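Listed below are the residues making up each chain.
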Amino acid sequence: MSKSPFDKLGERLTRQLAGYSSRRGFIARLGMTLAAAPILPLLPVARAAPPVKEPKTDFERYAQAKDDTQCNYWKYCAADGVLCSCCGGGSHTCPPGAEPSPISWIGTCVNPQDDRSYIIAYRDCCGKPLCSAGKTCHCDGADRELPTYRPQLNNDIIWCFGSASASYHCSTAALVGLAG
Amino acid sequence: MSKSPFDKLGERLTRQLAGYSSRRGFIARLGMTLAAAPILPLLPVARAAPPVKEPKTDFERYAQAKDDTQCNYWKYCAADGVLCSCCGGGSHTCPPGAEPSPISWIGTCVNPQDDRSYIIAYRDCCGKPLCSAGKTCHCDGADRELPTYRPQLNNDIIWCFGSASASYHCSTAALVGLAG
Amino acid sequence: MKDVHVTNAIRKYGLGIVVMGLTCGAALGGPVQAPAEAEVSDVASLAPDRPHRFFAGGWGSSGFVIFDADTGRMEGSVPAGYEANLSIAPDESRFYVSETYWTHGSRGKREDLVSIYDARTLNLVKEIDLPGRALVGKVQNFDLSASGSRGYVYVLHPASSVVWVDLKKQVVAGTVEIPGCALVFPWGEEGFSSLCGDGSLATVSISDSGSAKVTHTKPFFDANRDPIFENSFVDRDTGRAIFLSYSGLVYEAKLGLDTTVQKPWSIEQAAGYAAAGTGVQELAWRPGGVQLAAYHKASGRLFVLMHVGNYWTHKQGGTEIWVLDTKTHALLRRIPLQPVPTSGAADEKLPLYSSIGVSQDDKPLLYLLNPDGNDVVMDAATGEILRKIEFAAGHVVRVPGY
Amino acid sequence: MKDVHVTNAIRKYGLGIVVMGLTCGAALGGPVQAPAEAEVSDVASLAPDRPHRFFAGGWGSSGFVIFDADTGRMEGSVPAGYEANLSIAPDESRFYVSETYWTHGSRGKREDLVSIYDARTLNLVKEIDLPGRALVGKVQNFDLSASGSRGYVYVLHPASSVVWVDLKKQVVAGTVEIPGCALVFPWGEEGFSSLCGDGSLATVSISDSGSAKVTHTKPFFDANRDPIFENSFVDRDTGRAIFLSYSGLVYEAKLGLDTTVQKPWSIEQAAGYAAAGTGVQELAWRPGGVQLAAYHKASGRLFVLMHVGNYWTHKQGGTEIWVLDTKTHALLRRIPLQPVPTSGAADEKLPLYSSIGVSQDDKPLLYLLNPDGNDVVMDAATGEILRKIEFAAGHVVRVPGY
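Residue numbers (this note's numbering), protein chains in the order written: chain A, 1 to 180; chain B, 1 to 180; chain C, 1 to 402; chain D, 1 to 402.
Chain A on its own, in the form it takes in the complex (with noise of 0.2 Å):
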């Protein structure tokens, strides 16, 4: 099987992203399009990304920049699952006593309040029981949300790769940097 230019960016970006990472064999195992590391750096971008010209998904025209604790917050584009926003965390922040996974799955959402594209990583918080938020904090965001053979795609994969336990407990999202 000849590899896509797609696979071969993340490999790439794995190898440079795993130096971060104090589980570089796993990670670099895993061979995905990933954004690892827990505690990443303010990353800085060359030039600002222009505003999105094309066509705006749904949950785009009506994503708000606000309330975190909703599904429609916009960096939840492609969130699936509960948000720690309700259960104690916040957007990229997971509630006490669970653990960030390091490595993530990736979404592009588009702010409301630039009109800008962000790649957002979205990370599990592991090592919990599934937190028991009501049922507006369930989400199940799909802009751009492929199957399981596009695994760094897929939101129905529990992102709990390389953490202590890998039993989800709720989804977050940091804003990584701009897309494009």
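Errors might be hidden in some of the hints.
Not the full set, but computed from the structure, chain B residues with beta-carbon under 10 Å of chain D [what the hints assert, rightly or not]:
1. Y149
2. L153
3. D156
Residues of chain C placed beyond 10 Å of chain D at every Cβ, according to the derived structure [said to hold, decoys possible]:
4. R107
5. G108
6. A159
7. S161
8. E189
9. F220
10. K263
11. P264
12. K327
13. R333
14. Q338
15. D361
Think of the hints as simulated: they come from the structure by calculation, not from any bench.
Keep in mind the model is a prediction, meaning the values are calculated, not measured.
Note that beta-carbon positions come from the ideal geometry of N, C-alpha and C, so glycine has one too.
Dock chains B, C and D against chain A, hints included.
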């Protein structure tokens, strides 16, 4: 502490019943009033008890003898939990793969068909996860139900002593014989 | 005498509660006069041959509940751990559960298993320890070979691979890596296919000695633009497979050592519409849900949960079922679905049916699950709702014969 | 250059999805112009000193959820196994969970534990293996000594006993049998009392060396006719205890090496009614529910869920809260409760509040739980509903300082 006559009765019966049980030591140590052995012989009685003359509880007034998947089925006057009748079992039958607890707690219920009081052995079915039957199958009868310090008459205790796993699946109500 | 003693005890404590010892009088030889007979505490077993039996469970439930769709009654349940899946032996003698436990609930030692249950007693026969398994709730993450002699467990822990289990010897027999691919679609006794991120199918053949060979078809679909749903189908006996894409294209294939894939056809075109596009503001009838489609092997009929939406609404439940003949590429029927309000609140988001199954007999029934646990049994031929079943949770539906 | 490469990749796959490597350009020295800053993935910790924090959980839930009643927000959760209970260290530095696991969900090896959590990080500090514990969801099946140096776990497995745990050394220190008795009501550092089936209290003193001595009070209540609810109260610091009976009698006691019990008074008489009888057709206002009463130590106020019913309705939830002053034996207030319909169906059995807790500060709040998960926070002084909290499950409510 002086033991009550009731306790003494319980102990005497316990000793007798322990003869039927493969867990004699366990049951003797438990020291409760109980109905042992999952497979009971048909129990003859010396004489038929007269119809109940005392005031009935509300449960007894409204009890029915037709549908054992309803909480108001007469034998469930002190049943607490999910009815095994809703889970693939019956009023005195565990669902497939569950194990009836060798001992049980005890209630006395009035059969609306003959207006007589019967002794009911409430045996939990054990070793499987909680049965996920619908809400109408979750019963919480309280007729003559006493606190934990009278364990043989308490229906909040998981009655899975002596079964391979004490995990609660559902509750049954087996008619033992006439009361008084 | 004992009776008197007992009666006193009852009176004194005002409870009328004593135990079987009351019946000791019987030892004195009194005749049986009790109007109701003492009951034996026993254990039920599962009836054989119930073509209208279905299993519902998966994420958020503690097992697979077995329903008899002809009565609507629960027949029993098969316990299940985290992100579990269930497969039914082709001869219906065993149920197999692929599951994961941590020894202390959500912490402690992780144990991945295939647990084997007797299909009559539902007693646990054996637990087979796995080297790992994928924690993702997809119906095709676990399946059996045509005869049921092998089980295939999809693993993503950390690399994509498949563990195959010898179900006769009840041991793990081997692991085969399938980089870039996922899930298992078994054919015959020889192997299985997997869907791959480059738009191909991986063909995995495993010899009796356990050596595995992996080849790939040419890419035939675009995994980025219009991927194939994981909820696709193979007839294990014949290798005939039906792959459905996000936009509603059906790829029919013959899986095996020499896999062939036909040109796709559009279910929207079968309904007289234009083929659905992939634009994020292109409204069309689209397939969507969790276990969003079901396939009746004997007739070749495909049942798909459909809704009107833009692209990327592939997880939305159905407002209609489309019944399609995969042999003639014709739409046979559209069955409207009425979501059932559960809270009574005016602002309630109505739960749509998100999972569908079909029995494999010649009078097939449809089973519809929604996230709030109001399941429906429907006549597959007429669309008539035969009964509703209140059920706690679950997105996965399994039927005998598949 | 890298940017171009990336952009091509995005265009080719039509997804605009790449990872952090996009930002590699930064290494080339470009200035920061991003309007939104990259976010660090971190972990929250629990704030100290929240008198209006409460814990809700128990049967049917996977842990104790921690709520901040002043905001209604979830602060976090403490995982919990089967029929678990939670105790809060008096200095609020630790949370202790008594719990039971089977290694494979509902089968496998049974393990009974006291699990210790850090109260700021909610990280697991230690699991202490127990020789057993009672599988019954009663709030007094696990409690701590006044200083928190000892934990007492009620065991019914098979005989009635109490395991005591040295929480400084984090080891099981001993077991004391309490035949015919149940539950733990600790006093000071020396020991605890238990309720007994003969109507007495067992007084259990345990020396520093670990030797236990069990004595009994005279019987003072009738366990068959009018038993004391398990949901009774002791102030661990003073030994002052409040025992409430099915019929509404309040027995006040001073627990300790020389336990004394006062004559009971009737909460119905405090409300101007006749004392409630024990007849099965005697209608009266009666206490009922699961965790049906709460006690505010500083003021001596007792809050009881009340309903109108016959005897043997002691599990029915409340339609009123009665606020009683245990010092003057006076009824201070009756707060009507409005059950909230959840299904909208006309025949719905309305869920009554079945559990109540009260914060221990000087502006106490009441916490009301009902089985369908619509919890309420109420001003204990006025009965005003301050907020509602949607919550999944649980019958047990715990508060700091108790």
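Structure-based check of all given hints:
1. About 4 Å separates the beta-carbon of B:Y149 from the nearest beta-carbon of chain D, less than 10 Å, and the hint is met.
2. The closest approach between the C-beta of B:L153 and any C-beta of chain D is roughly 8 Å, which is under the 10 Å cut-off, so the hint is satisfied.
3. Hint status for B:D156 relative to chain D: holds, with the closest Cβ pair at about 5 Å, below 10 Å.
4. For C:R107, the shortest C-beta to C-beta distance to chain D comes to about 7 Å, within the 10 Å cut-off, and the non-interface label is violated.
5. Non-interface status of C:G108 relative to chain D is broken: a Cβ of that chain comes within 10 Å, the nearest being about 8 Å off.
6. With a least beta-carbon separation of about 19 Å from chain D, C:A159 lies farther than 10 Å from that chain, consistent with its non-interface assignment.
7. Remark: the non-interface label on C:S161 is consistent with the geometry, its nearest Cβ contact in chain D lying 24 Å away (cut-off 10 Å).
8. The claim that C:E189 is not at the interface with chain D holds, since no C-beta of that chain comes within 10 Å of its own (minimum 31 Å).
9. The claim that C:F220 lies off the interface holds: its Cβ sits roughly 17 Å from the closest Cβ of chain D, which is beyond the 10 Å cut-off.
10. With a minimum CB-CB distance of about 22 Å to chain D, C:K263 clears the 10 Å threshold, and the non-interface call stands.
11. Here C:P264 stays apart from chain D, with its beta-carbon at least about 19 Å from theirs, past the 10 Å limit.
12. With a least CB separation of 34 Å from chain D, C:K327 remains clear of the 10 Å interface cut-off, as annotated.
13. Even its closest Cβ contact with chain D, about 32 Å, leaves C:R333 beyond 10 Å, as expected for a residue assigned away from the interface.
14. Distance to chain D confirms C:Q338 as a non-interface residue, since its nearest Cβ pair spans about 16 Å, more than 10 Å.
15. For C:D361, the non-interface assignment is confirmed: its Cβ lies about 33 Å from the closest Cβ of chain D, beyond the 10 Å cut-off.
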